[in-house]
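Model the placement of chain B on the given structure of chain A, informed by the hints.
Just so you know, the sequences run in chain order A and B. Oh and the first sequence: position 183 is 183 in the working numbering, straight run, nothing missing. Oh and the second sequence: position 162 is 162 in the working numbering, straight run, nothing missing.
Worth flagging that the hints you see were computed from the coordinates, not collected in a lab. Take these hints with a grain of salt, some might be off.
[Unchecked claim] Keeping only pairs whose Cα atoms sit at most 30 Å apart, straight-line, the calculated BS3-like set for lysine-lysine is:
no. : chain 1 : residue 1 : chain 2 : residue 2
1   : B       : Lys-225   : A       : Lys-97
2   : A       : Lys-61    : A       : Lys-45
3   : A       : Lys-45    : B       : Lys-137
4   : B       : Lys-9     : A       : Lys-97
5   : B       : Lys-137   : B       : Lys-225
[As the list claims (entries may be wrong)] Chain B side only, calculated, beta carbon under 8 Å to chain A, not exhaustive:
no. : residue
6   : Leu-23
7   : Cys-27
8   : Leu-58
9   : Tyr-61
10  : Ile-87
11  : Thr-119
12  : Gln-123
13  : Leu-124
14  : Leu-156
15  : Leu-208
[Unchecked claim] Selected chain B positions facing chain A (in silico; Cβ < 8 Å):
no. : residue
16  : Asn-37
17  : Thr-183
18  : Val-186
19  : Leu-254
20  : Phe-262
21  : Val-270
All figures in this text were calculated on a predicted structure; none of them were measured in a lab. By construction, the Cβ of each residue, glycine as well, lies at the ideal position given by its N, Cα and C atoms.
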Amino acid sequence: MKKNRMNWNYLLIAPSLLISFSVILIPGILTIVTSLTDWNGISPKINFIGIRNFLELFSDKVFFIAIRNNVTWALLFLTIPVCIGMLVAMFLLGRKKTRSIYQIAFIIPYVLSPIANAMIWENMIFSPLFGLVGYLRNLGIDISSPLASMQSAIYACAGVDIWHYWSYLTIIYLAALRQTPTEQLESARLDGCNGWQLFRYIYFPSIRATVNLMFVMIVIGSFLSFDYVKLLTGGGPAHSSEVLGTYAYSLAFDSMKVGKAAAAGLVMSFFGLIASIFYARLSRKETME
Amino acid sequence: MTAQSKKKKIGTNIIIHGVLMILVIICMLPIALVVINSFKEHTQIVGNPLSLPDVLHLENYIQGWTNGKFARGFINSIKLVGSTILIVLTCSCLAGYVLAGKRIKGCGGISLYFMMSMTVPIQLFLFPLYFVYANLKLIGNIPATGLILAAVYMPLSVFLMRTFFLAVPRELEEAARMDGANTAHVIWHVMAPIVSPGLITVGVLIGLQSWNEYLISSTFLQGEKNFTALLTFLTMNGSYGANMGTLMASAVILIGPVIVFFLCMQKYFVDGMVSGAVKG
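Only chain A is shown next, with the shape it has when bound in the complex:
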């Protein structure tokens, strides 16, 4: 009887694992194998070339531009949306009546597709013909589309992504802040703490775990960034806004260097892995304390 019941449960977990294995795990292992070959995606002739793809990557200028852009991306996301998100969460915490209305207005860019958001910004804001940029030019202000310049393209892409993303952090921080124990708040208020002190000594320590989790998620997400760069600049002009995601993608589907693309994909995963390990160690240290 007991044994029979156990078999049932293995059967229940099987579908999700089977799908995940066949879409993610096995192709993931194949990517590791592919990264050691010169496969171009079509030809049946596949040669093992060892770590030559990786060596080629490390002598590739665009690869380092991409890594630098990913790091820039992470730094931008760890500061701007985190600060705005936290500030707005604290503001909304005390405003019980108007909270939900603000929340809805903020979150709308988050629920729209990257495709829609990128096209809206490209045409209505950045376009020198139809957009806000064009309007300012007509007024005599000499600006050009930030997407067209090698210096600003990556910031313009990150800006649109931040516009779409920051409210997510607000929602998460707000939900965490609301779980702060009320007794602590009461006694701190009686002791005469001001707003900043309340945040620094009561609220922030109580949402520390969530803040750390978001920190790691942002770092991982920054190395996965793809959508807004691909849609707004395609990595250009002259590869200046390339990130690892778009670089690996164009290696595979434009230059047909699937082996090298696989190697770039592995480098992306490697950065995420470092962030996860860092987080695991961090949370273990916290539970030890």
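Positioned in the frame of chain A, the structure of chain B alone reads:
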């Protein structure tokens, strides 16, 4: 409270609402521009994108709908989202039930595996998968693409369903088993009614995500007749000499339903976002 501190409090309140309003404007301005310009003629938009329309050019919408072949695009989108949700809900519900009760050996390992697969870049598995799909002639196949999306969203859904199953009291299941119910009975007649808000939450969350998804759907859904509504819109934008008014009307056609859906379902959506990230 003294008059002075009251005044100070009103002052900070005004500042806070001022900051919040500025952020509302930043969030809404691009979307408002799209709506305003969707009613204008191309030349008017070139002249001044910020001006309000003097005549409502509703023909932009008709033209956008037919030019973009949105009828087909929306049907494809619904097929893609439907197949993704169907697969995700069935599998994650069953897996969540097993993991919540720690009903098999190796639950910890399975959770760890799902956790890791959640942080993996799509580019880690995309390339071999694409060429396997190409060999199986599955490029452009909508349910087959839904399967990939389902695998990507599976870990989050499993964890969410697991938390919902954890909320079901154990005694309830035991009582049902005492009455002679088997596992299938327990899941469909005892558990499902209690976790159905969880199913809606996961459904709304995954539904919106798969509707909006770009990387996988643009890679695997090739051939114009397989395009989702968003991919059709993308090709419209790419064609030069496009009429801006028509393009913006198409954008409204695309984002309007999503915003309405979100407004109706926002409670579930926010719940899903939060329970995935906040440790309660």
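Status of the hints after comparison with the structure:
no. : hint                  : verdict
1   : B/Lys-225 - A/Lys-97  : violated (48 Å)
2   : A/Lys-61 - A/Lys-45   : holds (29 Å)
3   : A/Lys-45 - B/Lys-137  : holds (21 Å)
4   : B/Lys-9 - A/Lys-97    : holds (17 Å)
5   : B/Lys-137 - B/Lys-225 : holds (15 Å)
6   : Leu-23                : holds (7 Å)
7   : Cys-27                : holds (6 Å)
8   : Leu-58                : violated (20 Å)
9   : Tyr-61                : violated (16 Å)
10  : Ile-87                : holds (7 Å)
11  : Thr-119               : holds (5 Å)
12  : Gln-123               : holds (4 Å)
13  : Leu-124               : holds (5 Å)
14  : Leu-156               : violated (12 Å)
15  : Leu-208               : holds (6 Å)
16  : Asn-37                : holds (7 Å)
17  : Thr-183               : holds (5 Å)
18  : Val-186               : violated (10 Å)
19  : Leu-254               : holds (6 Å)
20  : Phe-262               : holds (5 Å)
21  : Val-270               : holds (6 Å)
In summary, the structure is inconsistent with hints 1, 8, 9, 14 and 18 from the numbered list given earlier, while agreeing with the others.
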